[in-house]
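Following the hints, complete the assembly by docking chain H onto the known chain R.
Protein chains in written order, with our numbering: chain R, 4 to 112; chain H, 68 to 178.
Hints are not guaranteed to be accurate.
[What the hints assert, rightly or not] Keeping only pairs whose Cα atoms sit at most 20 Å apart, straight-line, the calculated SDA-like set for lysine to any residue is: (1) 99(R) - 128(H); (2) 99(R) - 129(H); (3) 79(R) - 21(R).
Read the hints as simulated data drawn from the structure, not as lab findings.
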Amino acid sequence: GQNIDQPTEMTATEGAIVQINCTYQTSGFNGLFWYQQHAGEAPTFLSYNVLDGLEEKGRFSSFLSRSKGYSYLLLKELQMKDSASYLCAVRERDYKLSFGAGTTVTVRA
Amino acid sequence: DGGITQSPKYLFRKEGQNVTLSCEQNLNHDAMYWYRQDPGQGLRLIYYSQIVNDFQKGDIAEGYSVSREKKESFPLTVTSAQKNPTAFYLCASRPGNQPQHFGDGTRLSIL
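Extracted from the complex, chain R is given alone in its bound form (with noise of 0.2 Å):
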């Protein structure tokens, strides 16, 4: 099974930087996965990792360190559309999903 822990609630300014992190325990560790959810909304695929390293994609950056269990999401010039959910999401080798609770990131003007 999964262990997955990610922040409750994170604000930030427009503009700003914002890390999400997510620590996790797995047997059978196949990729992480970031998604954004908004309100009443499906999640939306953000980014992948599944070696060691930092993966950037525009203002979206995710790193991944196996050894530690761990990954953040950064954010960068954050605007007031980012404002959403974001879900840290363990693959096993079964390519089962298992998803954190999510991260509510609220943008302030």
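Chain H only, in chain R's frame:
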């Protein structure tokens, strides 16, 4: 357009009633998944199917049933045995080794 279609968007269930949530995809994906999301919580896996005519229980399968008779379709039945069915239900599919992608969800409530 290719995608994952869930219907209905909103569904109401009476006590003792079974209801079926539809999930259809025209993406030619082999793997399909059903999740449940409660307020303030992450997604929990109900059932999944890696291939047609085969499916496995997820972490919270009790009170639910599925079928996978066609590659495109993976309907979920919420039975009367599920005593707390009010939730947001999400269907997903996965192409090969790539990330899962989600339908728009069905919100189920009890009358």
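message = For a quick check of understanding: which of the numbered hints are violated here, in increasing order?
response = none
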